[in-house]
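*Asks:* Read off the chains here:
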Amino acid sequence: MDKQMAAEWLKRFAETVEKNKEELTKLDQAVGDGDHGINMNRGLQEVLRKMEEVPADSPGGVVKAAAMICISKVGGASGPLYGSALMKIASALGDEEDVEGKQLTKALRDGVDAIKKRGRAEEGEKTMVDVWEPAVQALEQGSSWQELTEIVKKARDNTIDMKATKGRAAYLGDRSIGHLDPGAVSSSYFFLELACVMEESS
Amino acid sequence: MDKQMAAEWLKRFAETVEKNKEELTKLDQAVGDGDHGINMNRGLQEVLRKMEEVPADSPGGVVKAAAMICISKVGGASGPLYGSALMKIASALGDEEDVEGKQLTKALRDGVDAIKKRGRAEEGEKTMVDVWEPAVQALEQGSSWQELTEIVKKARDNTIDMKATKGRAAYLGDRSIGHLDPGAVSSSYFFLELACVMEESS
Amino acid sequence: MKKLLNNVDQVVEDMLNGMAAAHSTYLRRLQNTTVLVRKQSPVNGKVGIVSGGGSGHEPAHGGFVGKGMLDAAVAGEVFTSPTPDQVFEAIKAVDGGKGVLLVIKNYTGDVMNFEMAAEMAEAEGINVQQVVVNDDVAVEDSSFTSGRRGIAGTVFVHKIAGAAAESGADLDEVKETAEKVIHHVKSMGMSLSPCIVPAAGTPGFELAENEMEIGTGIHGEPGVERTSILSSKETARLLFDKVQDDLHLQKGDRAAVLINGLGSTPLMEQYVFTSDVKEILDEHGIETADVIVGEWMTSLEMAGISLTLLKLTPDLEEKLFAEADTPAMKRFAK
Amino acid sequence: MKKLLNNVDQVVEDMLNGMAAAHSTYLRRLQNTTVLVRKQSPVNGKVGIVSGGGSGHEPAHGGFVGKGMLDAAVAGEVFTSPTPDQVFEAIKAVDGGKGVLLVIKNYTGDVMNFEMAAEMAEAEGINVQQVVVNDDVAVEDSSFTSGRRGIAGTVFVHKIAGAAAESGADLDEVKETAEKVIHHVKSMGMSLSPCIVPAAGTPGFELAENEMEIGTGIHGEPGVERTSILSSKETARLLFDKVQDDLHLQKGDRAAVLINGLGSTPLMEQYVFTSDVKEILDEHGIETADVIVGEWMTSLEMAGISLTLLKLTPDLEEKLFAEADTPAMKRFAK
Ligand SMILES: Nc1ncnc2c1ncn2[C@@H]1O[C@H](COP(=O)(O)OP(=O)(O)O)[C@@H](O)[C@H]1O
Ligand SMILES: Nc1ncnc2c1ncn2[C@@H]1O[C@H](COP(=O)(O)OP(=O)(O)O)[C@@H](O)[C@H]1O
Ligand SMILES: [Mg+2]
Ligand SMILES: [Mg+2]
Ligand SMILES: [Mg+2]
Ligand SMILES: [Mg+2]
Numbered sequence: 163m164d165k166q167m168a169a170e171w172l173k174r175f176a177e178t179v180e181k182n183k184e185e186l187t188k189l190d191q192a193v194g195d196g197d198h199g200i201n202m203n204r205g206l207q208e209v210l211r212k213m214e215e216v217p218a219d220s221p222g223g224v225v226k227a228a229a230m231i232c233i234s235k236v237g238g239a240s241g242p243l244y245g246s247a248l249m250k251i252a253s254a255l256g257d258e259e260d261v262e263g264k265q266l267t268k269a270l271r272d273g274v275d276a277i278k279k280r281g282r283a284e285e286g287e288k289t290m291v292d293v294w295e296p297a298v299q300a301l302e303q304g305s306s307w308q309e310l311t312e313i314v315k316k317a318r319d320n321t322i323d324m325k326a327t328k329g330r331a332a333y334l335g336d337r338s339i340g341h342l343d344p345g346a347v348s349s350s351y352f353f354l355e356l357a358c359v360m361e362e363s364s
Numbered sequence: 163m164d165k166q167m168a169a170e171w172l173k174r175f176a177e178t179v180e181k182n183k184e185e186l187t188k189l190d191q192a193v194g195d196g197d198h199g200i201n202m203n204r205g206l207q208e209v210l211r212k213m214e215e216v217p218a219d220s221p222g223g224v225v226k227a228a229a230m231i232c233i234s235k236v237g238g239a240s241g242p243l244y245g246s247a248l249m250k251i252a253s254a255l256g257d258e259e260d261v262e263g264k265q266l267t268k269a270l271r272d273g274v275d276a277i278k279k280r281g282r283a284e285e286g287e288k289t290m291v292d293v294w295e296p297a298v299q300a301l302e303q304g305s306s307w308q309e310l311t312e313i314v315k316k317a318r319d320n321t322i323d324m325k326a327t328k329g330r331a332a333y334l335g336d337r338s339i340g341h342l343d344p345g346a347v348s349s350s351y352f353f354l355e356l357a358c359v360m361e362e363s364s
Numbered sequence: 019m020k021k022l023l024n025n026v027d028q029v030v031e032d033m034l035n036g037m038a039a040a041h042s043t044y045l046r047r048l049q050n051t052t053v054l055v056r057k058q059s060p061v062n063g064k065v066g067i068v069s070g071g072g073s074g075h076e077p078a079h080g081g082f083v084g085k086g087m088l089d090a091a092v093a094g095e096v097f098t099s100p101t102p103d104q105v106f107e108a109i110k111a112v113d114g115g116k117g118v119l120l121v122i123k124n125y126t127g128d129v130m131n132f133e134m135a136a137e138m139a140e141a142e143g144i145n146v147q148q149v150v151v152n153d154d155v156a157v158e159d160s161s162f163t164s165g166r167r168g169i170a171g172t173v174f175v176h177k178i179a180g181a182a183a184e185s186g187a188d189l190d191e192v193k194e195t196a197e198k199v200i201h202h203v204k205s206m207g208m209s210l211s212p213c214i215v216p217a218a219g220t221p222g223f224e225l226a227e228n229e230m231e232i233g234t235g236i237h238g239e240p241g242v243e244r245t246s247i248l249s250s251k252e253t254a255r256l257l258f259d260k261v262q263d264d265l266h267l268q269k270g271d272r273a274a275v276l277i278n279g280l281g282s283t284p285l286m287e288q289y290v291f292t293s294d295v296k297e298i299l300d301e302h303g304i305e306t307a308d309v310i311v312g313e314w315m316t317s318l319e320m321a322g323i324s325l326t327l328l329k330l331t332p333d334l335e336e337k338l339f340a341e342a343d344t345p346a347m348k349r350f351a352k
Numbered sequence: 019m020k021k022l023l024n025n026v027d028q029v030v031e032d033m034l035n036g037m038a039a040a041h042s043t044y045l046r047r048l049q050n051t052t053v054l055v056r057k058q059s060p061v062n063g064k065v066g067i068v069s070g071g072g073s074g075h076e077p078a079h080g081g082f083v084g085k086g087m088l089d090a091a092v093a094g095e096v097f098t099s100p101t102p103d104q105v106f107e108a109i110k111a112v113d114g115g116k117g118v119l120l121v122i123k124n125y126t127g128d129v130m131n132f133e134m135a136a137e138m139a140e141a142e143g144i145n146v147q148q149v150v151v152n153d154d155v156a157v158e159d160s161s162f163t164s165g166r167r168g169i170a171g172t173v174f175v176h177k178i179a180g181a182a183a184e185s186g187a188d189l190d191e192v193k194e195t196a197e198k199v200i201h202h203v204k205s206m207g208m209s210l211s212p213c214i215v216p217a218a219g220t221p222g223f224e225l226a227e228n229e230m231e232i233g234t235g236i237h238g239e240p241g242v243e244r245t246s247i248l249s250s251k252e253t254a255r256l257l258f259d260k261v262q263d264d265l266h267l268q269k270g271d272r273a274a275v276l277i278n279g280l281g282s283t284p285l286m287e288q289y290v291f292t293s294d295v296k297e298i299l300d301e302h303g304i305e306t307a308d309v310i311v312g313e314w315m316t317s318l319e320m321a322g323i324s325l326t327l328l329k330l331t332p333d334l335e336e337k338l339f340a341e342a343d344t345p346a347m348k349r350f351a352k
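Residue numbers (my numbering), protein chains in the order written: chain E, 163 to 364; chain D, 163 to 364; chain C, 19 to 352; chain B, 19 to 352.
Misleading hints may appear alongside valid ones.
As the list claims (entries may be wrong) - Chain B residues, not near chain E, derived (Cβ > 10 Å throughout): (1) Thr43; (2) Val150; (3) Thr245; (4) Ser249; (5) Arg255; (6) Leu256; (7) Asp263; (8) Leu265; (9) Gln268; (10) Asp300; (11) Asp308; (12) Asp333; (13) Glu335; (14) Glu341; (15) Phe350.
Said to hold, decoys possible - Pairwise CB distance ranges (calculated): (16) B:Arg255 - C:Lys352: 41 to 47 Å; (17) D:Glu361 - C:Gly115: 56 to 62 Å; (18) C:Glu197 - D:Pro217: 46 to 52 Å; (19) C:Gln28 - E:Lys316: 57 to 63 Å; (20) C:Glu197 - B:Glu341: 31 to 37 Å; (21) E:Glu184 - C:Val26: 38 to 44 Å; (22) C:Glu229 - B:Gly186: 53 to 59 Å; (23) D:Pro217 - C:Asn228: 56 to 62 Å; (24) C:His201 - B:Glu341: 33 to 39 Å; (25) B:Gln49 - D:Lys325: 53 to 59 Å; (26) E:Glu184 - B:Gln49: 33 to 39 Å; (27) B:His302 - C:Asn50: 53 to 59 Å.
It is worth saying that the hints were derived from the structure and are not from the lab.
Beta carbons: idealized from backbone N, C-alpha and C, even for Gly.
Next up, chain E with everything else stripped away, as it sits in the complex (with noise of 0.2 Å):
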C-alpha cells in the first residue's frame, strides 16, 4: 500500500459513511442517541478537506492526519475509538512510503487492541469490536481480501442477534437485540473499502 492507496481508502470510507449517513443515524437512533452517522461524517469530511490541503508522505502519514482529526472532530464514542485505533495503524506503519501486506495485518492489529483498550469492550458485546476483531483475524489467518469482504459483512450482521453490553445500546438490554450495531456497521465499510482498494490494485 502506497500514500495514494490509502488515501484512497480513506476517502472512499469517507464517501461511503457520507452515502449512508442517514442509514447510520437511523441505526444508532434504534439502539442508541441517533448521530452515529453525523459524527463520522462531520470528522471525516474533514479528513477529506485535508487529505486535499496537505497531501502526506506515506500511508502512515495518511493514517496518522486522519487519526487527529477524528480525535478532535468526531466527539462522541466512535471519535475516541476510531482515532485511537487509527493513531495506533499510523504508529505501526511509521514512515515507510509502501506498505507490505503482512505489517498492514500488524498495524491493524494494534487498531483493534487500541479500540478494545479505550473501550474496555471484547467480542460479543455489539460493538465494532465485533467486526473490527473478526476482521483483523481474518487477515492474520492469511484470508485473502475477496474473502475478508464477506467475512466483514457476516460480522456486521451478527451483531443483529447480539444483546448490547457497551456503549449506549447496553440501556436497553434485551431490547438491544434485532437491530444492527451503527459502530459495526461503519466499521464493515472501513475494512470493505481497505479489501476494495486492496484488490483493484493486486
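Start from chain E and add chains D, C and B with the ligands according to the hints.
*Replies:* Positioned in the frame of chain E, the structure of chains D, C and B with the ligands alone reads:
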C-alpha cells in the same frame, strides 16, 4: 314565571351548555382561547347542584343564586359578564313569587345593560351583546316567545360576519370574521331555553 | 393529548399543592383558595403586590412570589382568569396597611374579575390600586378595542414594582413605577406549534410542518399572521422591528431584554435566538444592561418564543437590579 | 422538524454565542473553543471544576458556570460528547494552581474523551482528578457493562462539589465530596414524546398516543420499558420505587428532591408530579430539606420528567445550601 319555571329555565340552559360544551370549546379555539364551553359548564353544573341542595323561594332567588355561582366559578370574561347580568336580573325580579312578562323584560334589560357596562361593549363588536341586545329589544317591542326564538338564532348567526373589537377575538383582527362568537352562542341557549320554558307554560 | 397529570379538572389544584410543597420557604397556599402568598404575609408597612391570571403560564405568577417581587399570585383555571372572590382573598391576605397594587394583564376577563375584586376590597376599606399591562405589540392599539394584551413584559413590572414596594415606597409611588415600566416595555411573540388546554384535549390551532404563527399570545390563541418558517435571524429581526416601531430605542439607550420560551422551545434554540437579537441590538447601538433568557411566562407546551424589550431609565435600572428572592427569579444585591 | 435556528450545523456555535451574550457577567467563551468559563478564570487558589458533555441538555452545563458551581463547561455537538482537545482547553483555563476536577456523566464517549483530555493535562503537569456520575437507576448495574448513565443527579454533584471548591477545599477533598454525592444520589426518568436531534431531523423513537417510555435517558434514546400512559401519581410511585430500591431511604432521613423537566413538559405538570412525589415521601416519613423543580438537564424538546433523590448528611446539606450564583441556579447564603 314562578320559581319552578325559573329553575327549569336555568336547568335547561345548563344542560344545553353541557351538551354543546365541545362545540363551544371549538368555537372559542377558533377565535379565542378554547375555554368558553369549559368555563360555562363548570359554573352551570355548580348551579344545578346548588339548585337541588338549596331551592330558592322565588324566580329572583333562583337567578341570584346562579349569579353568585357564575361570579365565583366561571372566571374568564364570561364569568363576570353572566354574573353581573344575572345579578342585575335578580335584583329587578326582587323576591316576588310570580313575575309578569313585562317585569321579566325589564329585568333582562337591566341584565344586558350590566353586560355592556362591565364589558364596555356595544352591539356589533362580536360579543354576547349581539345576542342579548336584539333579544331584549324584541321583547321590549312585544315579540312573542316564538318570534324571539327566530330573532335570537338570527342574531347569533349575524356574529359570523362581524369583526371582533372586544374580547380575545379582537386580537385576530380581520381573521375573526367568518366565525361564530362563542359567547353569542351560549347566550343564544340562554334565551332559547327561556323562550321554550315560557312557551310551554303559556 | 399526552400530559402528566391525574385529573384534568384537578390540575390547578394539584399544581398549587406542588408549588407550595416545592417552595415552602417562600410561599404558602391560602386555605380553600387558589392563592399563593408570601410565607410571611402581610408584610407590615409594605405595599402589597398581587398579580395572577389563568393558569398554564408557569412560572408566572406563583413563581414570582417572594422578596422583591409579588406578595400574592391568584391562579385561575387553565387560561381562564381567576374569579373576584379569589382575588379578594389575596388582597386581604397581603394588605400590610399601606394598600395593595393589582398587576393585571390586559385581557377582558382579567380586567373585569380583578376590578370586581377591587370593588369588594374597597368596600372593606382596603386601599387598592391597579395597573394593566399591555406590552404585546402584535395587535395594533386602538381606542375602539380592548387594546393590547399583556404578555411576558409583565415580569419586568413584577420585578421593578416589587423592588419599589420592597424599598418602602407608598402605594402611589409603586403604582407610578409600575406604570412607568408598562410605558417602556414592549413584546412580541411567535409560535411553531400550539398547545392543548387539558380540559379541552385538542390544540387551539393547527400549524402545518412548514408554517409558523406570528404574534401569538400566551393562551394557545391563534396569532395575527401565518408565514412559512423563518430562521432564527429572520424571526429576531421581524419581532425586533415590530417592538422597535413602538419603543423607538435610540443609539446609546440602555435596554433590558427578556427572551421568553413559550413552553417546549428548548433553551438551545432560545440561546440561538438570543445571539441573533444581541447582534441586532449591537447594530443599533443599543446597550443591553440585562439579558434574561428562559421560561418566564409560558403557554403550556406551546413551541415558540417572545421578545421583550424594556427601555431603561436610571431609576428603572436600579430597581431591575435590586435584590429579589423568589422561586423563579433571583437577584443578588450588587 | 420545526426548530428556531439558522443552520443545523452551527447550532452549538450559535447557542454558545447566545449564552455568552446573555450571561456576560458570569461567563465568557474561550476563543475558538466550545468552552464557557467563569468570567474571572482561573480563580487562584481554588480547585477548578470542569464538566460538560453533548449539547442539547441546557441549562446543563453552561448554565451552571459561576460562583459556587462550575469553572468551565465544555459543549460537544448535540448529544455528542466533546472532544479531548476542547476539554483540555477548559482544564488549562481554570487551573488556579490547586488542580482540576472533571465531573463526567457516565457515557462511554464522555468517559473516553475526558480521560484523553486528562492524559493531555497531566502530560503538561496539571493535577487532574475525575469523578463519573451514574445516578440513573433505570438500567441494572453490572460489572459486565459500562454501568449506569449519568443524568439529572449531576446537578447536585455540581452544586455540592462546587461549594466544597469555593470554600477552599483541596482537590482530594473536592473529589471526595463529589464522590459522596454520587454515592448518595439516584434518579430515574420517563418520557411521553421523543426529541429530534437537529442534524438528524427525525425523532429518536416513536411513541403512540397512549404510550409512555419508562427509564428514558437524556439523549432521545429509547428507554428500558414501554407502558400505556400512567397518571402522575402512578408515575411518581413507579419512579420513586425504583430510586428507593437503590437508595434505601429510612424514616427520618433527610433528602433533597430534584424534579427535572426533560424539555417540553410544562411546569404545570412538573408541579402536579411534585405534589405526588411529596405525598409519597411524607408517607415514608422522609424529610425533604430541599425540593428543586424545573428544567435542569433537558433532552431538547422531549416531553417527560425525571425524579432525583439525594440522601443528605449534615455536611452535604450544608454545601447544598451554600451560596451559588450562576445563570441557572442561584442560592442565597443563609
Ligand atoms: N465501549 C465501547 N467499545 C467499543 N465500541 C463502542 C463502545 N461504546 C460504543 N462503541 C461503538 O460506538 C458506536 C456509537 O458511536 P456514536 O454514536 O458515534 O457515539 P455515542 O454512542 O457517544 O453517541 C456504537 O455503535 C459502538 O459500535
Ligand atoms: N368586553 C366584552 N363585552 C361583552 N362580551 C365579551 C367581552 N369580552 C368577551 N366577551 C364574551 O365572552 C366570550 C368569551 O368567554 P370566555 O371564553 O369564557 O372567556 P375568555 O375570553 O376570558 O377566555 C366571548 O365569546 C364574548 O362573547
Ligand atoms: Mg450515538
Ligand atoms: Mg375563552
Ligand atoms: Mg379564557
Ligand atoms: Mg452521541
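*Asks:* Against this structure, judge whether each hint is valid.
*Replies:* Quick rundown of the hints versus the structure:
1. Every C-beta of chain E lies more than 10 Å from that of B:Thr43, the closest at about 30 Å, which supports listing it as non-interface.
2. In this structure B:Val150 is separated from chain E by more than 10 Å, as the shortest Cβ-Cβ distance comes to about 13 Å.
3. The Cβ of B:Thr245 sits about 14 Å from the closest Cβ of chain E, beyond the 10 Å cut-off, so the non-interface label holds.
4. Listed as outside the interface, B:Ser249 is consistent with that label: its C-beta sits roughly 25 Å from the nearest C-beta of chain E, beyond the 10 Å cut-off.
5. Under the 10 Å C-beta cut-off, the non-interface status given to B:Arg255 relative to chain E holds; the minimum distance is some 22 Å.
6. Chain E leaves B:Leu256 outside its interface by the beta-carbon criterion, the shortest separation being 17 Å against a cut-off of 10 Å.
7. Once the 10 Å rule is applied to beta carbons, B:Asp263 is consistent with being away from chain E; the minimum gap is 17 Å.
8. Residue-level check passed: B:Leu265 sits 20 Å from the nearest beta carbon of chain E, beyond 10 Å.
9. Distance to chain E confirms B:Gln268 as a non-interface residue, since its nearest Cβ pair spans about 29 Å, more than 10 Å.
10. Annotated as non-interface, B:Asp300 keeps its C-beta farther than 10 Å from every C-beta of chain E; the closest such distance is 32 Å.
11. Look at B:Asp308: its CB is around 29 Å from the nearest CB on chain E, clear of 10 Å, so calling it non-interface holds up.
12. Every beta carbon of chain E lies more than 10 Å from that of B:Asp333, the smallest distance being close to 32 Å; the non-interface claim holds.
13. With a cut of 10 Å on Cβ distances, B:Glu335 stays outside the contact zone with chain E, its closest approach being about 31 Å.
14. No Cβ of chain E approaches the Cβ of B:Glu341 within 10 Å, the least distance being about 34 Å, so the stated non-interface status holds.
15. For B:Phe350, the requirement that its beta carbon stay farther than 10 Å from each beta carbon of chain E is met, with the minimum near 37 Å.
16. Judged by the Cβ atoms, the range 41 to 47 Å given for B:Arg255 and C:Lys352 holds: they are separated by roughly 45 Å.
17. Range check, D:Glu361 to C:Gly115: Cβ separation about 57 Å, and the 56 to 62 Å hint holds.
18. Take C:Glu197 and D:Pro217: their Cβ atoms lie about 49 Å apart, and the range 46 to 52 Å holds.
19. Distance hint for C:Gln28 and E:Lys316: a CB-CB separation of about 58 Å, consistent with the stated range 57 to 63 Å.
20. In this structure, C:Glu197 and B:Glu341 meet the distance hint of 31 to 37 Å, their C-beta atoms being roughly 35 Å apart.
21. For the pair E:Glu184 and C:Val26, the supplied restraint of 38 to 44 Å holds, since their beta-carbon distance comes to about 40 Å.
22. Between C:Glu229 and B:Gly186 the beta carbons are some 56 Å apart, a value that agrees with the proposed interval 53 to 59 Å.
23. Evaluation of the 56 to 62 Å hint for D:Pro217 and C:Asn228 yields a pass: the beta carbon distance comes to about 58 Å.
24. With their beta carbons about 36 Å apart, C:His201 and B:Glu341 fall inside the hinted range of 33 to 39 Å.
25. Checked against the hint of 53 to 59 Å, the pair B:Gln49 and D:Lys325 passes, with Cβ atoms roughly 55 Å apart.
26. A hinted range of 33 to 39 Å holds for the C-beta pair E:Glu184 and B:Gln49, which are about 34 Å apart.
27. For B:His302 and C:Asn50, the Cβ-Cβ distance of about 28 Å falls outside the hinted range of 53 to 59 Å, so the restraint is violated.
Comparing the model with each earlier hint shows a violation of hint 27 alone; every other hint is respected.
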